[in-house]
Structures are given as C-alpha cells and as structure tokens.
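K.L.:
Join the two chains into one complex using the hints; note that each chain is given alone, in its own frame.
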Amino acid sequence: MIVEPAPRGFTDGSHITRVARAWARAIAGASYVPMAHVDIELRLAGFTTRLLRVLTGQPFDPSPATQIGVELVEAHFASPETLGHTISVLADRLPPLAGTSLDSSGRRVMRLLSALSVGYTRGLRERTLDEQESIRQATVLAQLQTEHALRESQEAFRHAAVHDQLTGLPNRIFFEKQLADLIENGGAHHVAICFIGITSLQAITDRFGHVLGDKALTVTADRLRTLARSLGHPLARFAGDQFVMLIEDPAGTPHLAGVADQIIATLSTPVHTDRHLLPMSASIGLVDRPIAGMDANDVMRAAGMTLQWAKAEGTNRWQLFDQARSDREIAKHALTADLAGGIDRDEFFLEYQPLVRLEDRAVIGVEALVRWHHPRLGRLNPGRFIDLAEESGQIVRLGGRLLDKACRQAREWAKLTDSPPYVSVNVAVPQLRDGAGLLRTVDNLLQEVGLAPELLQLEITESASIPDDPQLRRTLDDIAGLGVRLALDDFGSGYSNLGYLQNLPVNQLKIDMQFVRDWKPSSTKSLLPSLVKLAHDLRLSALAEGVETLQQAEYLESIGCDHVQGYYFGKPQAASSITSLLLEWSAEEL
Amino acid sequence: MDRPEWAPPGIDVERPSAARLYDYFLGGSHNFAADRAMAQQLLATAPDIPLIAQANRAFLRRAVHMLAESGIRQFLDIGSGIPTLGNVHEVAREVAPDARVVYVDLDPVAVAHSSVLIRGQEGIAAIQGDVRKPGDILHHETVRELIDFTEPVALLVIALLQFVRDEDDPAGIMAQLRGALPSGSYLAISHGVVDGWRHDKEMVKSLYSRTTTPAASRTRAEVVPFFGDFELVDPGLVWVTQWRPDQPSNIDGIKAAKSAVVAGVGRKP
Numbered sequence: 001m002i003v004e005p006a007p008r009g010f011t012d013g014s015h016i017t018r019v020a021r022a023w024a025r026a027i028a029g030a031s032y033v034p035m036a037h038v039d040i041e042l043r044l045a046g047f048t049t050r051l052l053r054v055l056t057g058q059p060f061d062p063s064p065a066t067q068i069g070v071e072l073v074e075a076h077f078a079s080p081e082t083l084g085h086t087i088s089v090l091a092d093r094l095p096p097l098a099g100t101s102l103d104s105s106g107r108r109v110m111r112l113l114s115a116l117s118v119g120y121t122r123g124l125r126e127r128t129l130d131e132q133e134s135i136r137q138a139t140v141l142a143q144l145q146t147e148h149a150l151r152e153s154q155e156a157f158r159h160a161a162v163h164d165q166l167t168g169l170p171n172r173i174f175f176e177k178q179l180a181d182l183i184e185n186g187g188a189h190h191v192a193i194c195f196i197g198i199t200s201l202q203a204i205t206d207r208f209g210h211v212l213g214d215k216a217l218t219v220t221a222d223r224l225r226t227l228a229r230s231l232g233h234p235l236a237r238f239a240g241d242q243f244v245m246l247i248e249d250p251a252g253t254p255h256l257a258g259v260a261d262q263i264i265a266t267l268s269t270p271v272h273t274d275r276h277l278l279p280m281s282a283s284i285g286l287v288d289r290p291i292a293g294m295d296a297n298d299v300m301r302a303a304g305m306t307l308q309w310a311k312a313e314g315t316n317r318w319q320l321f322d323q324a325r326s327d328r329e330i331a332k333h334a335l336t337a338d339l340a341g342g343i344d345r346d347e348f349f350l351e352y353q354p355l356v357r358l359e360d361r362a363v364i365g366v367e368a369l370v371r372w373h374h375p376r377l378g379r380l381n382p383g384r385f386i387d388l389a390e391e392s393g394q395i396v397r398l399g400g401r402l403l404d405k406a407c408r409q410a411r412e413w414a415k416l417t418d419s420p421p422y423v424s425v426n427v428a429v430p431q432l433r434d435g436a437g438l439l440r441t442v443d444n445l446l447q448e449v450g451l452a453p454e455l456l457q458l459e460i461t462e463s464a465s466i467p468d469d470p471q472l473r474r475t476l477d478d479i480a481g482l483g484v485r486l487a488l489d490d491f492g493s494g495y496s497n498l499g500y501l502q503n504l505p506v507n508q509l510k511i512d513m514q515f516v517r518d519w520k521p522s523s524t525k526s527l528l529p530s531l532v533k534l535a536h537d538l539r540l541s542a543l544a545e546g547v548e549t550l551q552q553a554e555y556l557e558s559i560g561c562d563h564v565q566g567y568y569f570g571k572p573q574a575a576s577s578i579t580s581l582l583l584e585w586s587a588e589e590l
Numbered sequence: 001m002d003r004p005e006w007a008p009p010g011i012d013v014e015r016p017s018a019a020r021l022y023d024y025f026l027g028g029s030h031n032f033a034a035d036r037a038m039a040q041q042l043l044a045t046a047p048d049i050p051l052i053a054q055a056n057r058a059f060l061r062r063a064v065h066m067l068a069e070s071g072i073r074q075f076l077d078i079g080s081g082i083p084t085l086g087n088v089h090e091v092a093r094e095v096a097p098d099a100r101v102v103y104v105d106l107d108p109v110a111v112a113h114s115s116v117l118i119r120g121q122e123g124i125a126a127i128q129g130d131v132r133k134p135g136d137i138l139h140h141e142t143v144r145e146l147i148d149f150t151e152p153v154a155l156l157v158i159a160l161l162q163f164v165r166d167e168d169d170p171a172g173i174m175a176q177l178r179g180a181l182p183s184g185s186y187l188a189i190s191h192g193v194v195d196g197w198r199h200d201k202e203m204v205k206s207l208y209s210r211t212t213t214p215a216a217s218r219t220r221a222e223v224v225p226f227f228g229d230f231e232l233v234d235p236g237l238v239w240v241t242q243w244r245p246d247q248p249s250n251i252d253g254i255k256a257a258k259s260a261v262v263a264g265v266g267r268k269p
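Just so you know, the protein sequences line up as chains A and B, in that order. Using the numbering used here, the first residue of the first sequence is number 1, and each one after it goes up by one. Using the numbering used here, the first residue of the second sequence is number 1, and each one after it goes up by one.
If you're looking for bench data, these hints aren't it; they were derived computationally from the structure. Keep in mind that the hints are not guaranteed to be accurate.
[To be verified] Far from chain A, some chain B residues (derived; all Cβ distances over 12 Å):
# : residue
1 : T45
2 : E122
3 : T142
4 : F149
5 : D166
6 : G184
7 : A216
8 : R218
9 : A221
[Said to hold, decoys possible] FRET-style restraints, in silico, Cβ to Cβ:
#  : chain 1 : residue 1 : chain 2 : residue 2 : range
10 : B       : G135      : A       : Q165      : 31 to 41 Å
11 : B       : E122      : A       : A149      : 55 to 65 Å
12 : A       : P96       : B       : A221      : 20 to 30 Å
Quick reminder that beta carbons are idealized off the backbone N, C-alpha and C, glycines included.
Bound-form chain B, shown alone (with noise of 0.2 Å):
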C-alpha cells in the first residue's frame, strides 16, 4: 500500500539517520548496522567527526548550564536526537530543579528513545516535530502546556540548521520561531559550516543526502542572520570550542577552526 500523504514519516532501520549518526560519534550504542557502516564511510574521509560531534554537545552544555544559570526555567530543543548523554534537562536540572524541557525531533525512534528516557519525570516531553513546520511545533499541545510564551524561553537550535537546506527556507522558519518568543528569551545554534572544513566537503554533503535529512553547505556569515534580532552575547557567534569554554587548553582534542562548527547565543532584546 503506497504510504498515505498524512502518514508520519515511516521507520527504517535500514536508511542511516543523522540522529543515530551522532550517538555513533559520541561513543553510543544507539545505532544500527546501517548507520555504523555509513559511519565508517564517514569517517574515513573525516576522521574529525567524533571530535566535532563532542565538541558541539561540550557547548551545548555550557550554552545550557549558562542560561539556566541566567534564570532561564523553560527551553525548547529542537533537533534534539537521541538523548545521549548530558541532556537538556540534566543539565539545566542541576541548575534550577524546576526547568521545564520540551525535545523535539523530526525522527520517530529518537522521539520514542526520549519518551522512555524521560517516562514519569513532569515538566520534560519529547515530541515528534518537523522544523520546516515551525508552526505545528509553537502550537503544539505539549509545546503549549509545558512552555510559557509570555516568560523567557530558551530556544536550542543545534546542529540542525546544516540538516535545513535552503530551498525549505530556514531564515523563514527562523523568523517564525523567533518570533514566537518574548523579549529576555535566548537562541542558541550550533551550524556546521564549511568555512573551516578540511576534508572532502562534496563527500560528506553526499554520504548525508543517503540519510533521511540531507546536509546544507553554509558558511559562517551565512550562520549570522538566523539570530536576526537578537543580540549575541560574548563571545558572538565563534568556533564551538571558543564559546566560553571552562578550560583553556585544547583538552577537548581539537583545534579550535577545525571543529567546522560555529555557535553562539542570542537574546531578545
């Protein structure tokens, strides 16, 4: 029977998923065959993508651990893959026990992986979203109980945009999502560019278009207008490993410009 046009997306252990990919590279196990053999492709022409992979989730602790120090009590993490370690909610908890979490995610496994991971745990949902739908995800049910839209929010959008190509439009969806939010709420993203990349680009863009979400090519200028509005705080939108890193060696094991990934964090005025 042909899949209906309403249908959710279909499960497919059998095609590589870019969240499944980046449990590999951290060192998880959440992966299947497929998705280990694609991996391994990968990481013959860039052997660094373990390193950026945890290079990108050291900032989204940092990022995480800052605003919640900040006073931020609600985030909306978009693009949140499977719950690895170091969640959301684990770190913003150790800050403020009451921080509310919703996750969002476009792949079904990895929307079930976090419904069991955080099963009985009130204030924290995961949900299947599309960001190229940012409407269905700020008018969702869960979105709409669990988060505030009059209060401050904390909206993480990271290493997900270079999954967002631009013919769907991600300064739009930007637009959207930003302005959803009131003033005092942050943006953090996390955008792998290419500025810094020193393997074979076409080869990884390749590899990822087998994937169920196909990479986009960016650059970092090209990263600066989905704040839009929103000004950055320090240190602006840098190498991941230069944002505000709690130590001052290169003890992460990567050189700072060959993280290929930029991030930074805006707030609303």
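Pulled out of the complex, with its shape left as it was, chain A reads as follows (with noise of 0.2 Å):
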C-alpha cells in the first residue's frame, strides 16, 4: 500500500497516520477486512491523505470524496457502522488536520461527508445487489447441478434395473419389454428369437468355482455383444447361462441357420484364464413367428423349449422350433398333469390277456393290462401314460390301486373254478424301489382279499438296476417269501446279464415277442430255442409272448416252450370275457 504524501505546507505524514489510526480503532468489527490491521491502516491513510486534499482544494469540489466513499466499500470496510464511526472520526479529525476548526471549515466538511457518504452508500447498494444476485445465480445453478445428479442417478438406477451388472447387457426384464413394444408397434413382419444357453458354464462353475464361471460368462457375453453388434440385433442376458438374440425380419430359416452356426462358432472358441483353458458349448433354440397375433409370452416359452431340444441333441447344436413336437410335447404334459385326478376318479381299469399252457391249451393264468378312460381323450393304452407315471412318480399310487383290483379279480375266479388262473401283475422299477411299501402292499392285500399268494404273480422288466441294487434284490426275495410268482418280463430285448438270473428269485421267463415276430417258418437262424433252453436250465419256465399264428404256436411246441401269450390265444380283455372263458373250460372239464 502506497500512502500518498499529504499535500504539501498542510501536515506530515505522522498526523495521517495518527488520524487512519484513530478511523481504524473506530471502524473495527463493524465489519470484516481481509487484510492484517498494518494493511488497514495504511488503507485508511492512504484515503485520509486524499480526503484531505479535496477538502482543502481550490476550488472546492467536493466530487472526488464520492469516489473515496465507493472505494471504502469496495476494500470491505462495508457495514452501516463503518459509515457511522467513518463521518464520527472524520468529521473530528479532518479540520484539524487541516489547519482549520470544524466551525471555520463546517460547511466544506460537510459537503465533503455528504459526498462520501453518498459514494458509500452507493457502493454499499451496489455491492449488496450484486452479492444478492450472485447468491440467487449460485442457487439456480445448484439447483440444476441437483437436478442433473439426481436425473443421472435416476438414470444410473433405472439402468440398473434393466441391465445385467456382470455383464453390463441388457436383462430379461428390458427385454421383454423391447419385443412387447415389437409386439405394439409393429413395423417388423417377422421376429425370430434366438435362445442361447451356454451349456458348458454350469460344469466350469462346479468345477472350478463362480469366480471363473463369472469370468467364462463375461468372455461369453463379450464374444456374443460384438457378434451381435456386427449383425445389427439386439442382445440380452436372459437368465443364468442363457442370452437371446431378436432377430427382426429374419430372410428365412437359411438365414437363422446361419446366424445359430456363427453363434455356436463364436462361443465354442475356448476361454483362456491365467490357468486355464476353459472349453466352451452353447445350445441354441430358434423360433421364427409372424408378429401379428404373437404372444409374447408365448414365443418366449417356444423358444426355451426348442433350446431343450437342442441341448438334448448334444453340444454346439442348435433346433428350429416345430409346431408338432411342440403339441405333442404340450399334450404329454397336460396328460401328466392329468394323470392325479385319473387316480383319484378311478379312471383306470384292467384288462386281462390269457396266458396259455401249449401242452393242453389250457389258461393257466392272465395279464393284468391298464387302461385309461380318459374323460376327454376316451381309452388310453398304457404305452400313452405309463412312462409320464413312472416321470412324476404317481407309478407308485396307480400301481397300488392296480394291484388291488387285480387282486379282488383273481380271488373272485378263484371261488369260480378249482384251477383258477393266476393273475400277472406288472410292477414297474419305483414300486420295486419303494420295497417295504410294496411288500405291505401285496401281503396286507393277500390277507384282505384272502387271496393265495401262488395266484398273484408279479412281472417285473428286466432292467440295469436290479443285478446290481442289494434293495431291489432284498424286495425281491422278500415277496417270492410269501409265496408270490415273479417272472421276468421281455426277457431278451433289454439289458441281458445272465450272471445274475441265476440267483433272481423268479419263475418265469417271458420271451420278448420280438423274437416270435421274426421267426419264419425258413429261418435258420433264431435265439427262440436257446432262449427256451436256457429258462429250462435256470429251472423257470419259458413264455414267449406275441404269439399270433398256429405256425409260430406249434414250433413254440416243438421246441419245448412251456406257455404262451398273443392274439391267437388271446387279446386283453374285460374280466367278463376271461370269466365266460373259465366257464367254458370247466364245463369242457366237466
């Protein structure tokens, strides 16, 4: 701060400072300076210099004193207090300063005050205007600058809720708003979706961990985006290892194909990690609808029910959707879903094919065969509901309620006739697996019907699991035990491990009818007589099954075979039937 030198022949700068210290100790905390009080000071030296020269100028102007009063405000000394104390001090000092009394220079004093005063309290108004707009600008500006971040948050939060973090992809949920707006708006004809699943994620996850399945999974989506990219579809994550790719327009199934091999090409390209060399498959389903009249929701369960099939096809396949398989499929599960309440209202009934002794012709037992009245559907074979049973484990429930039926039919020819026929139930393999439940089954019902247990016999399938499961076995041995038949069913056409028919409770050998039907009376070549010998050797014996002509009746004969079974004998029939016959042969008997 340069102190201006006091006008010359008036006083010296010791008066000055004298004077800015004096306006200094007045004006102090009435408002804040950003200046150490040395600086103040001499600030307020500076202004006393040049009030002083205006005071005591020739002529009298007191103009410049305004300015002074500006300037005061503009280095901070501003508060209504500063002015106050300022025309106190001044008012006071200045005429001494001087060289002259209030009272001679009262008036030049005055006017002086009055124009500084008037520069101050201009400069005050001024500085409050600006600071007041200032404030507000700030205000605006922040409250834009909030807006901004609280939109980009919004923003940040709604991406978040319709994109996948691990991949940064779109999720399932935007998807399906995007082809529910396809759906909407129209403009595409055709939209074909493709349904990814990464069939190789779940085994590298078990394996090695959901860092590195993380890992594959983003190398997947990455590979998948840029291919996508390329090809101008959008792309999605769907779920867990599945992506799909909507395919708008798509220039027919060539078009699709070609699309599905670069996929399965692009993803079937190892993933490399720093350890590891990750193989990769992927599965794809396609479907190719009209968008006119699509359902959304329905494509979207097309399209995952064709990437089943594909992944049933093996790896790196991919299947186009077909109506028909779709039907078929849809149809065997609402079968399914019927078959609880087929049980409940007793919609399954038996039907009885005679099994035959060659020797004299005689019945010397039947098969108990279901069937289904279906409500809608009319009579089912069995060949239509068993294996769904056997899926959703209703086998068990139906099985039960079959062998009571059986049961209850056996003991009434039995009080017909003294050689009843027995009656061959078929037990599939989780009946067998339920084995205490079975055995309690079949004993408490032999007690209840009052049936001898030599007239049940059971049929069990020769099957992969029996040899080897000491369970099975267990139950096996448990219901020979009480005196039941077992006898082993289309023997031949399955799993054949002889080792173990030699320990198999069984009595029994049904010839798989498969062998009957190739047999001519040319052949030279047939297992039909080794098949027969070999019961023989085990000590059961041998029923071929599917018999349908003399010709294949009497060789059966010839070569020994104990019984048979097939529409020359016999077709299944209703119980009334079997009756009638039974009563015809005691009548013949007679």
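P.N.:
If you want it as structure tokens, here you go:
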C-alpha cells in the first residue's frame, strides 16, 4: 500500500497516520476486512490523504469524496456502522489536519462527508445487489446441478434395473419390454428369437468355482455382444447361462441357420484364463413367428422348449421350433397333469390277456393290463401314460390301485373254478424301490382279499438296476418269500446280464415278442430254442409273448416252450370275458 | 415424489443454512430472508456473533498466510462455506501464486457459488462433500487431481466440527483425514466451544438445530484430541484472537475469551 504524500504545507505523514489509526480503531469490528491490521491502517491513511486534498482544494470540489466512499466499500469497509463511525472520526479529525477548525471549515467538511456518504451508500447498495444476484444465481446453478445429479442417479438406477450387472447387457425385463414394444408397434412382420444356452458354464462353475464361472460368462457375453453388434441384432442376458438375440424380419430359415452357426462357432472357442483353458459350448433354440397376433410369453416359452431340444441333441447344436413336436410335448404335459386326478376318479381299469399252457392249451394265468378311460381323450393304452406316471412318480399310487383290482379279480375267479388262473401284474421299478411299501401292500392285500399267494404273479422288467441294487434284490426275495410268483418280462429285449439270473427268485421268463415276430418257418437262425433252453436250465418256465399264428404256436411247442401269450390265444379283454372263458373250460372238463 | 436416498441434498432456500448465516455475520449479502430472520434471532441471544465470525475469519487468513510462508502449496478446505472475503486461495496466492486449493462444502449453493467465483482459475476447485464421509472426500476425483498426497498438505477444518455431532464420530473422521496426510502436513482447526460462552448456549443450539447442520457443544479440552499426534505449533490451541495476532491491541473488537472459539494449527511429525 502506497501512502500518498500529504499535500504540502498542511501536515506531515505522522499526523495522517494518527488519524488513520483512530479511524481504524473506530471501525474495527464493524465489518470484516480481510487484511492485516497494519494494511488496514495504511489503506485508511491513503484515503485520509486524498480526503485532505479534497477538503483543501481550490476551488472546493467535494465530488472526489464520492469516489472514496465507493472505494471504502470496495475495500470491504462495508457496514452501516462503518459509515457512522467514519463520519464521526473524519468530522472530528479532518479540520485540525487541514489546519482549520470545524467551525470555520464546517460547510466544506459537511459537503465532503455528504459526498463520501453518497459514494459509500451507493457502493454498499451496488455490493448488496451484486451479492444477492450472485447467491441467487448460485442457487439456480446448484438447483440445476442437483436436478442433473438426481436425473443421472435415477438414470443409473433405471439402467441398473434393466441391465445385468455382471455383463452390462440388457436383462430379461428390458428384453421383454423390447419384445412387447415390437409386438405393439409393428414395423417388422416377422421376428425370430434366438435363445442361446451356454451349456458348458455349469460344469465350469462346478469344477472351478463361481469366480471362473463368472469370468467365462463375461468373456462369452463380450463375444456375443461383438457378434450381435456386427449383425445389428439386439442382445440380452435372459437368465443364468441364457442369452437371447432378437432378429427382426429374418430372411428365411437358411439365414437363421447361418446366424445360429455363427453364434455357435463364436461361442465354442475355449476361454483362456490365467491358468486354465476352459472349453466352451452352446446350444440354440430358434423360433420364427409372424408379429401379428404374437404372444410374447408364448414365443419365449417356445424358444425355451426349442433350446431344450437342442441341448438334448448334444453340444453345439441348434434346433428350429417344430409346432407338431411342441404340441405333442404340451399334450404329454397335460396328460401328466391329468394323471393324479384320473387315479382319484378311478379312471384306470384292467383288461386281462390269457396266458396259455401249450401242452393242453389251458388258461393257467392272465396278464393284467392297464387302460385309462380318459374323460376327454377316451380309452388310452399304457404306452401313452405309463412313462409319464413313472416320471411324475404317480406310478406308485397307480400301481397300488391296480394291484388291489387285480387281486380282487383273482379272488373272484378262484371262487369260480377249481383250477383258477393266476393274475400277473406289471410292477414298475419305482414301485420296487419303494420295497417295504410294496411288500406291505402285497401282504395286506393277500390277507384282506383272502387270495392264495401263488395266484398272484408280479412281472418285473429286465432292468440294469436290479442286479446291482441289493435293496431291490432283497425286495424281490421278500416278495418271493410270501409265495407270490415272479416273472421276468420282455426278456431278451433289453439288458441281459445272464449271470444274475441264477440268483433271481423268479419263476418264469417271458420271452420278448420280438423273437416270435422275427421267426419264420424258413428261419435257420433263431434264438428261440436257446432262450427256452436257457429258461429250463435255470429251472424256470418259458413263456413266449406275441404269438399270433398257429404256425408260431406249433413251432414253440416243438422246441419245448411251456407257455404262450398272444392274439392267437386271446387279446386283452374284460374280466367278464375271461370269466366266460373259464366257465367254458370248466364245463368242458366236466 | 419421494427423494431417493442416492440424490444429493436438496436446495431449500426456506431453510437457514450455516454457510449463509456465516456470510451474513461477516457482513455479506449472500443470504436469503430465512437466513436473515434466523440471524436476527441469534443476534438477539448473542450479539457478539458477528465479532466471533470476524475473529474466526481473521484466524483463517493468518493461518493460511503462515502455512503458505512455511512452504505449503496445497490446501484442502473442508466446510469452506460461501466464499466471501479473504478466501484461502487469495491469501495463499499472495505468498505462493502456484498454491492449489480445493474447497469442500456440504451446501450445494456454497459449492455452486465457489465454482462461479473460481471459474477459469487453474489449480482451484470446489466440490460438494460431507465431512462425515471423509473417504468420499479423500478419494474424490478432483481432490486426487489437485492434491498430491505424497507432498505436505494443509487441511483446514475451520468452524466446522461444531456442526458435527458426537454420534457422527468426529474423532474417527478426523483420524481418517489425518491418516491420509503425509508427514510435514498441517491441520488447522477452529471450533466454537462452550467454555467462554456467555450467552444462552441452549438457545443457540436449538436455533442451529433448525439449519441443515445442527450444532454440537464441546469444551476446549474436547477439541484437543482432534489434532491426534499432530504437534501444535505456537501458541497451541488458544482463543481464536490469540493465535498469532497481527496487532497487539484488541482492535478485533473482542476480548479473547468472548470469542468462544478456540483455534490451533498442528503439524504432522
């Protein structure tokens, strides 16, 4: 701060300094001035010098004092009190400094301070208005920034809600919205859904853990993203290891096949990590549908089903949706759903097919065969529903009901004739696995119905699991222990571990109908004689299934086969027909 | 619509803010009717507040000047408020034109105002931040850009901690902030205390509770631990007017104890 020299002839610097000091003291605390105290005094000394020059100027012109007032405020000596104290100090101190008294220079001092006050208040007003303006602008700016930040965070939140965190791809919600928009707004005529399953992922996660699993997934996602971008098709991560690509107006099936092949080629490249080379594979389900009348949920269900077909085909395969196949699967699904209710409503019934002794053509037994009287589909053969009953676990309950029916029927026939036929009932593997339950059911039934155990035969299918499963073996032994007969059904058609046959408590081998069907009178090669001999070597009776002609029957008799079953000797029929048959026989015997 | 949790604090000019009140007490007009109405109530209870505010502001000026003279070139001013007169960068750059300053305040208006004020000046920035989340401040992109934490830093915590209540763990906050600074760094604190307070402190406290930042009441002894293992430079933690005054008299217009603010500067060994 430069202290301007005092006007010559009036006073020296020390007087000025004293006035400045008094002035500083008077206004201290009235406002905050960002200066060291010594600087404040210097600044005020400068103002004092200039004011003194104005006061003593010839001719007197007070207007420069206005500017000093403005400058006081600019230097932050800015408060109402500051002005008051300034006027007091200057009115007192300036006249002596000028070498006059207040009385003699009164008018000049008055006009000087008046000019100073004008400048000061003007400066203060300007400053206040400026500051008000600046804080208001800052508020507006802050408001905008806040709103912007809010929007951004909402945007981020919205983005997070419709995007997958791991891969950054749109998620299922986003995709479904996109598809719904497409259906609603039209534009395209056709849309194809390319449903991609990364089939290798589960194995990678199981073997190496989630970190590597995620790594493989992100690499896969990146590859897919690059491919989808180059093809111009939107891509989303649908769930877990599933991705979905949307193809608008695909140029026919060959085009879709091309896309699917490209995807599989891209995805089946192994993923390198620091320490591993992870083999990758993918399956794809393709659905191509017209937009008109499309149901988004239905098309995605179809895509999911098609992906399952592709997976069942093997790795790195794609499948195109097949409406007929889909219908079949849906029907199958519906039938499964009907099963439980059907059992409750007693829609299942038995037909019986004669088991005939070749020696005298006597009916020594009957095989109970299940039928379903479906309320909508009519009569259904077991081929339509037994597998479904096994898959759904309903077989145990259904099997129990059928055993009950069969035993009661067997008891009826036992009352009717002296040589009643045994009833042979098929038992499924799930029923055998429920070993204790099956044993209890059979035991209770025999007691309750009062049926001789040898009039019940259980047919078990030749199965890979029987020889290795001690639990199943025990069940069979226990059932045989009750005196119930056991037969091995469809022998020779499936798994044949001949070794275990020696120890199995069965009474009869039922030779699969295939062998009879394949036999011709001219045949030089047939396994039938060997199978019959095998049964006999094991001290089992041999029964040939599927006998439809006299020729077959005579041949079987010639090779020593004990029993036969087939259309030639009787189709599966209602219990009442069997009853008539039995009555005829009894009459003949009589 | 409910304001989501991730949204920055809103702007409510109807609610008094400590930053704008401080400006008012320093003679500024960067304030609104709600601020002035409350300022009048505070003044009725404690007419010395403007003098206390001035004394505090003067301490900031002296401390920054001293720090710049000691060779500090980077300043982190947390709770900088509405930039009125004698801002840190102005004081620091009088001594060291290359000094870098980051202003941090919770009040978005204060930050916006600072941004406008320092626009176009390299090495100076204003960011929004909450001292109660020191990690966010220390790792803020702008802070990392302007402040080199391998070189000594001056951390300014002026008239701020009285607005951080004990349940917000000011001790933990300060420990984290101190821990981020390299050896040779400085920490300047001023803190309103109840020791010398002659006015109705409950009244003042309840008035401030209406602002966005309610006040805590502490004694001088409770302020000392905020320095941790930093060594207090002369004259230690003293009444704010007694910290290296640049004039011998009481020209600040306030007797030392009446300031009700203690201040000190510590150096990290």
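K.L.:
Could you run down the list of hints and mark each one as holding or not?
P.N.:
These are the hints, each one checked on the structure:
Remark: the non-interface label on T45 of chain B is consistent with the geometry, its nearest Cβ contact in chain A lying 19 Å away (cut-off 12 Å). The claim that E122 of chain B lies off the interface holds: its Cβ sits roughly 21 Å from the closest Cβ of chain A, which is beyond the 12 Å cut-off. Non-interface call for T142 of chain B relative to chain A: holds, since the shortest CB-CB distance, roughly 14 Å, exceeds 12 Å. Annotated as non-interface, F149 of chain B keeps its C-beta farther than 12 Å from every C-beta of chain A; the closest such distance is 26 Å.
With a closest Cβ-Cβ approach of about 29 Å to chain A, D166 of chain B is found to remain outside the 12 Å limit, as its non-interface label requires. Distance check for G184 of chain B against chain A: the nearest CB is about 26 Å away, which clears 12 Å, and the non-interface claim stands. At the 12 Å boundary, the C-beta of A216 of chain B stays outside the reach of chain A, the nearest C-beta of that chain being 25 Å off. Its beta-carbon lying about 25 Å from the closest one in chain A, R218 of chain B satisfies the requirement of being farther than 12 Å from that chain.
With a closest Cβ-Cβ approach of about 29 Å to chain A, A221 of chain B is found to remain outside the 12 Å limit, as its non-interface label requires. Hint check: G135 of chain B to Q165 of chain A, Cβ distance near 23 Å, so the stated range 31 to 41 Å is violated. Separated by about 25 Å at the C-beta atoms, E122 of chain B and A149 of chain A break the suggested range of 55 to 65 Å. Range check, P96 of chain A to A221 of chain B: Cβ separation about 52 Å, and the 20 to 30 Å hint is violated.
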